[in-house]
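Student: Protein sequence lines correspond, in order, to chains A, B, C, D, E and F. Just so we're aligned: the first sequence equals residues 3 to 191 in our numbering. Just so we're aligned: the second sequence equals residues 3 to 191 in our numbering. Just so we're aligned: the third sequence equals residues 3 to 191 in our numbering. Just so we're aligned: the fourth sequence equals residues 3 to 191 in our numbering. Just so we're aligned: the fifth sequence equals residues 3 to 191 in our numbering. Just so we're aligned: the sixth sequence equals residues 3 to 191 in our numbering.
Hints should not be assumed to be uniformly reliable.
Identical copies look the same in the list; a pair holds intra-copy or inter-copy alike.
What the hints assert, rightly or not - No more than 30 Å apart at the CA atoms, straight line, and that leaves these computed lysine-lysine pairs for DSBU-like:
| no. | residue 1 | residue 2 |
| --- | --- | --- |
| 1 | 105 | 122 |
| 2 | 122 | 50 |
| 3 | 70 | 50 |
It should be emphasised that the hints constitute simulated quantities derived from the structure, not laboratory data. Bear in mind that the values here come from a model prediction, so they are computed numbers and not experimental data.
Protein chains: 6
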Amino acid sequence: MADDAPTALDLPMVDPLPPATQKYFDICTEKLGMVPNVLRAYAFDIDKLNTFTAMYNDLMLGDSKLSKLEREMIAVVVSSVNRCFYCLTAHGAAVRELSGDPKLGELMVMNYRVADLDPKTRAMLDFAVKLTEAPERILEDDRQALRDAGFDDRDIWDIASVAGFFNMTNRVAAASDMRPNDAYHAQSR
Amino acid sequence: MADDAPTALDLPMVDPLPPATQKYFDICTEKLGMVPNVLRAYAFDIDKLNTFTAMYNDLMLGDSKLSKLEREMIAVVVSSVNRCFYCLTAHGAAVRELSGDPKLGELMVMNYRVADLDPKTRAMLDFAVKLTEAPERILEDDRQALRDAGFDDRDIWDIASVAGFFNMTNRVAAASDMRPNDAYHAQSR
Amino acid sequence: MADDAPTALDLPMVDPLPPATQKYFDICTEKLGMVPNVLRAYAFDIDKLNTFTAMYNDLMLGDSKLSKLEREMIAVVVSSVNRCFYCLTAHGAAVRELSGDPKLGELMVMNYRVADLDPKTRAMLDFAVKLTEAPERILEDDRQALRDAGFDDRDIWDIASVAGFFNMTNRVAAASDMRPNDAYHAQSR
Amino acid sequence: MADDAPTALDLPMVDPLPPATQKYFDICTEKLGMVPNVLRAYAFDIDKLNTFTAMYNDLMLGDSKLSKLEREMIAVVVSSVNRCFYCLTAHGAAVRELSGDPKLGELMVMNYRVADLDPKTRAMLDFAVKLTEAPERILEDDRQALRDAGFDDRDIWDIASVAGFFNMTNRVAAASDMRPNDAYHAQSR
Amino acid sequence: MADDAPTALDLPMVDPLPPATQKYFDICTEKLGMVPNVLRAYAFDIDKLNTFTAMYNDLMLGDSKLSKLEREMIAVVVSSVNRCFYCLTAHGAAVRELSGDPKLGELMVMNYRVADLDPKTRAMLDFAVKLTEAPERILEDDRQALRDAGFDDRDIWDIASVAGFFNMTNRVAAASDMRPNDAYHAQSR
Amino acid sequence: MADDAPTALDLPMVDPLPPATQKYFDICTEKLGMVPNVLRAYAFDIDKLNTFTAMYNDLMLGDSKLSKLEREMIAVVVSSVNRCFYCLTAHGAAVRELSGDPKLGELMVMNYRVADLDPKTRAMLDFAVKLTEAPERILEDDRQALRDAGFDDRDIWDIASVAGFFNMTNRVAAASDMRPNDAYHAQSR
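In isolation and in its complexed conformation, chain A is listed as follows (with noise of 0.2 Å):
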């Protein structure tokens, strides 16, 4: 692929931009340093584009009592079951700089299991894991576990919610091959 393209497929950029939507990249290049290629992918068609911002940003930056560090997390867990190269590099650089912490980066990234995590943390992510896995086995007992462990209804739905999106977002990633902003690597070390 080209060097710059953000995907293996021709699906080039709309040229120009909308003015909404080149607005929108040139904040993400002031915030974050980089318009993150997800963004670049999506951009062959304006509507795509705005349907999966709108959805990621209700999900991931919206209402819920998850915080981002839990969403976060959760999209790592998944990605790693999924072993999308793209979001574990993005969303393992999330957890870094969101908790501080970048050895919780490496664990949600590498085996989550053995991270030395409160028992609430460990039954959402046990749940998310289990839903990437095996859905067909997610029973009545499993939201059980988790609202024995402190989450409510509104909790489960969001906590599927992101590890479902995650689940849709890994595999648009790989069929594309999508690749991470380089930039991410060094992120929050």
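Position chains B, C, D, E and F against the provided structure of chain A, taking the given hints into account.
Tutor: Chains B, C, D, E and F alone, transformed into the frame defined by chain A:
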């Protein structure tokens, strides 16, 4: 759960629904004879409902060189891997209806591999299933197999996006024990 | 294969059929409206047909404390693990008919785990599925779980025998690409 | 279980045995030096014993272009996948005896893939093992591979039937904790 | 490979062997009636042979509260998971010899789960097998299960080291198609 | 475990260490800035430490046509299959350092399949991963694929030995909950 609840989670619909949502649900009732339970499930939070329907409508009903039947076939084979009762029921009915071939719907649910498919359709479904079962093993050879079968890079994106989307919704449905409307079972038999 | 052939193997029926076989097939046509293709498939060798039907009739129709519906449910969940198009179609129809509950048939085909089952039936199907997926891991605890659910040792034998039988026929059907009669698809919907 | 019981299930043999069964068991003792425990296990119900032995004798001893050694090799590689102690012991002994090659018996039990086999035998065992491990993935290419190796469609049926049969008996043995007669272990070493 | 070669790799033994190695091999011949092929395989490089035998002797013959039979049982169940023809043959013979119970050796090769074992031995083998099949899932609960069964932390180290060692040698044997000496097959039957 | 303990097992280092061991540890501190925890873990028994370091040094630092980077890449991809936190951390750092390419280290940890590798390196890693995941399926074709990629039989032995070694150490680390020194995480980023 309550006999009429769309999931096992205690997340009642916003009441009353905002006028735009109520109108959308009325249209569903008029056209489909029901409000699909997935919409009722998301209606505890209208923003979530809207981001979900925007993505669903873009992927399943929006502009694409994939026919609606092809997209529904992807939906069902992905849901078959994940054994999602909700999606197999609702989208199995869609395959039966769009194809006019009840047996085709059953084959997608039970084992698409033994269906009598043209090579292009088989390549599409093989990719969707591998992407579901082993996303970490999707490589350039897999993309090239789709191109060799007659798909272009935009088609590959669309195949991946539909397959990815159902990997998400299968898991939201599994996590919440989402129940399909009974009406689907007898449709287009 | 020929449009009418029951399998992909070139193994034509004995022609003419011996009188006893012809009579048996005539009874099938009269009672079921068809000769099930599995019988046509075996009819290239009357001894094989007879040993197959003797075992089938003993297990599925013979004396047992398991009801015919219970035996058909085992048949379908085993065939669901093995994704056998023939057996899911023919025995899924049987579950719908014997139970008068089309949704129950669909649940057995798609994912029996999310069906609303009494604990005894669930224990029976859990055993049949574990025996199918991981026979090397069936131990005394698994047998005791059946006894605790209300089954006696003869029932355990019968559950195992039906589950075992469909592990055989699923594979004969898969190996020969056995095709179910079209009539099953619309039955008892 | 009782020291002498053939399984962990409390299903004593009919007592006295009907004369025809007693005669059959006497012949076993005379020819084999024992009554194989599988026959003793089924003898709680003479009809079940008879349907089992009729199918066994047809498949393993009846007319087929597969040699008895080939059928026993299929029996053992299937039982190796399923890790069935009873069948590996009894049919491993049969491979040793029929081949006069104790090492061949061990290879079939341990890992048939590393045995030094002619291509036709390897194709046969590869088919039997794939049919055991992933019956849903057996397609026309797999049947054609057998034809290319020199088998005809009747042979394919016979390979599938023997492989299917041991997928049944492996599970009946596992479910009941069936124990092989001790005499097998030292035979033909 | 040459009839007498210990592996499929063209790596001839150092010739002549250094005196210390020759003496070691002479002792093997005297005590065992053969030079085990694993030693002949490593003898293309005397340093590699020496590091291998040092570790082997420490683990399998050195000081430990695990008996030699217990270590050999671990060796065989690990090799059974990995289906290693070399190690199953050589160490299966060792279990038969050390236990004086040929059936025990067969059970370890075929399916240790159905053997009649005391709870401590079963806990040891369950740990070794889980460590082989799913090392990423070994957690404190697994270590505690060993402690509850009567093992101390040094024993846990020894169990893990033997299980780990055979996970290594199974793979060296598989990669090189290492062949056990024929003499093992008939030993201690 | 104690904050400073290298594993979850209560196996304190020999105290004082023998002079040769102390010297070795001092050299580690001088050259690496730390004593790797794996050495501290083994130091409860100096013989075990010595046999481990002898094998490690022979394989990872000794004479071989495989470069040190190649051996470390094998170490990481094997550890990625087994999700070993210790080895991924320590040897991931080694890949980053030896290659001067932090992204390469991340790719080996996360999913080597999507790395941009020359065909020879890919063949080497594909062999190591298959040997790890399914040693029973390694056959002559797999060895020939390495030869076709440019490796000779001695190289195959070395690839197998390194892959085998990490299949051992991954399991010793998992069984003991071995913890990598914190210093690795930030190295060569």
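Student: With reference to the structure, classify each hint as holding or not holding.
Tutor: Going through the hints against the structure:
Within a single copy, residue 105 and residue 122 get their C-alpha atoms as close as 19 Å, which meets the 30 Å cut-off; across copies the closest is 33 Å, which misses it. Proximity of residue 122 to residue 50 under the C-alpha cut-off of 30 Å is restricted to the inter-copy arrangement: shortest distance 25 Å between copies versus 35 Å within a copy. Both within a single protomer and between protomers do residue 70 and residue 50 lie at most 30 Å apart by alpha-carbon distance, with minima of 24 Å and 17 Å respectively.
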